[in-house]
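As a plain string of letters, each chain reads:
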Amino acid sequence: MVAGRTPSRLSGLWSLSLLLVIVALTISPRGHLRAEDRLTVRGNYNRETSTRVLQPMVTFRKELPDQRLALETEYLLDVISSASIAAGALLLGGDRVFTEMRHEASLRASTQIDNWTAGAFYRYSTETDYTANAFGFGVSRDLRQRTINLSLSYSATLNRVFRITNNIGARSPWTSSGDTNLLQVHYLSLGYTHVLHPTVLAGLNLEGAYSEGPQDNPYRRARNGSAEIHPWVRRRLAPSGWLRITVPRAKMTLEPHYRFYADDWGQLAHAIDGRVHFRPHRDLRLRLRYRFYTQSEAVFWRDNGVWAVDYPYRSDDPKMDDFRSHTAGLQLVWHLDGIAKFEGLRWLAGAWIEANYNHAFVRCDEPSATCIDQDFGYGEVRSTRYGDNRYGNLAFSIAF
Amino acid sequence: MGIRPPVLITLVAALACSACVIVKPHQRQHLAMPEMNPATDTLEETFHSHIESAREGGFGGHGASGGGCGCG
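For the protein sequence lines, the chains are A and B, in the order given. Going by my numbering, the final residue of the first sequence carries number 926, and the count climbs one at a time with no gaps. Going by my numbering, the final residue of the second sequence carries number 118, and the count climbs one at a time with no gaps.
Just so you know, the hints here were simulated from the structure itself, not pulled from any lab data. This one's a predicted model, so the numbers in the text were calculated from it and none came from an experiment. Please note that a few of the clues may not be correct.
To be verified - Covered stretches of chain A, going by a simulated chain B footprint (3 or more residues, C-beta under 8 Å): (1) 701-708; (2) 758-766; (3) 782-788; (4) 817-830; (5) 867-876; (6) 893-901.
Claimed, not checked - Computed footprint of chain A on chain B; a stretch qualifies when at least three of its residues, placed anywhere within it, have a C-beta under 8 Å from a C-beta of chain A: (7) 68-79; (8) 84-94; (9) 100-109.
Backbone N, C-alpha and C define an ideal beta-carbon position, used for all residues, glycine too.
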C-alpha cells in the first residue's frame, strides 16, 4: 500500500510543479501579453441535504503567440463538507460533520492550423481515498467553408480507489469483487456541428464509455448489511443533439438540448435541457434554464432491499434507483467592456463577471431505503436520499 | 404513438446532413455572439457534468468527460 502511494504523491508534486513553472514562465508584464490570454477565477457551489461542496478554481490560458499553440493550466480544490448520515460514518469517527478535500491540476495544449484543430490534456486528482490520472486527445476539422465541423476525442482515466479503515486516516485498497483497486474508464466522443442558417446552429454527439474496476462505494452497505457490490464492468452510450437559434429582432437565443442514455446495467435515461438567452443591454446577458431528467433503475436494484442469497450484486446507491428531477436555473453575465473605456479601468477590456444559480427538485415514487418522504421547507415530498439540491457559481475572467 | 429517441436522433441527423446551404462569412455576425458559441460554456458544462455524474445514473451531453472522483 505504501509503495502504491509514493508514485501518486510524486506524480502529484510533478503536476503541481509543472503547473507553477508554466504560470511563472507565461506571466509577464501586462504590456507584453496579447489580448487573447485569459485568467479566470471561479467558485462553484453545491448544497444538498447532507453534503456541501465548495469548489474554487483558477484557469490560466496563454497563446504562444496565437491560436496556433495555446496552453491552458487549471487548479481546482473541492472542499466537501458532509454530515455523515451515510453508512460508514461510524468507521470514519462517528456521526458528525467531516470535511474532505480534493485537489485537481490540469494541463491542456491545443493547436489550430487552417481547418484543423487538435488538443491534448493531462489531469491529476487526489483526495484521501481516491487518486486519478487522466489524459486524452481530440481532433476536429472544419468543412464546407467552416459550415460543418467534425470532431473526435478520446480520454482515459486511471483511478485508484481506497477505503479509509479508521479515524486517523489509515487506508487500504478497495477491490470490491475483483483483485485490483484500479478503475479504468475509457471515453470516446464523436461530434458533428452544422451551420444550418445564418441564425441556426445544430449539433449531434455520440459519447461512449467503458469502465472496468471497482464501481461501488467502499463505505456503503446494502439494507441487508452486506457490502455494496456493483458489477465490475459498465458500458455506457449517450447520443445527444442540440440547437442554437438566435432571434436578432427579439435579442433572444433559444438553446434546446436532448440526451438519451443507455448502459448494460439496465439503466435508461432522458435529459431535456432548454435554455433561453436574453440581451437586456449590450453588455448584459441573462439566461433562463429548465432541465428535466428521468432515469430507470438498474437491473440489480431492489426497492425492498432483498436479494437472493446467491445473487452477486447489492446496492444502496440512490443513482441506481429510478427517479426524476426538474432543475430551474438563472445565469447573469456582465461584460465589462462598457466600463473599460474609463481612464484607469482599461485593463477590464474583455473581462466579464458571471453568476449562476440552479435549483434541482428531485422526485421518486416507490418508497425504498433511498426514496423517502422529506421536507425541504416547502412541504413533505418524496425524494431520494440526496434530496433537492442547489448549485451554482461566481466567476471573474480577465483578458490580457 | 411517440417517436422513439434513436429514431428521432436519426431523423434530426438526416435533416442536418441534407442542409446544403453554405452560410457565407459576412452572414455570420449572429453566429459570432457568445450565446451561439458552445465553447463559451465549457467550464460550466464541466461542472454540471461533475455534479450529474455524482448524482445521476446517466452521463454525457456536455461535450466533456466529467470529473475523476468517486464521490458517489
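For each hint, the structure was consulted:
| no. | hint | result |
| --- | --- | --- |
| 1 | 701-708 | violated (count 0) |
| 2 | 758-766 | holds (count 4) |
| 3 | 782-788 | holds (count 5) |
| 4 | 817-830 | holds (count 3) |
| 5 | 867-876 | violated (count 0) |
| 6 | 893-901 | violated (count 0) |
| 7 | 68-79 | holds (count 9) |
| 8 | 84-94 | holds (count 4) |
| 9 | 100-109 | holds (count 8) |
Going down the numbered hints, you'll see the structure goes against 1, 5, 6, while the others check out.
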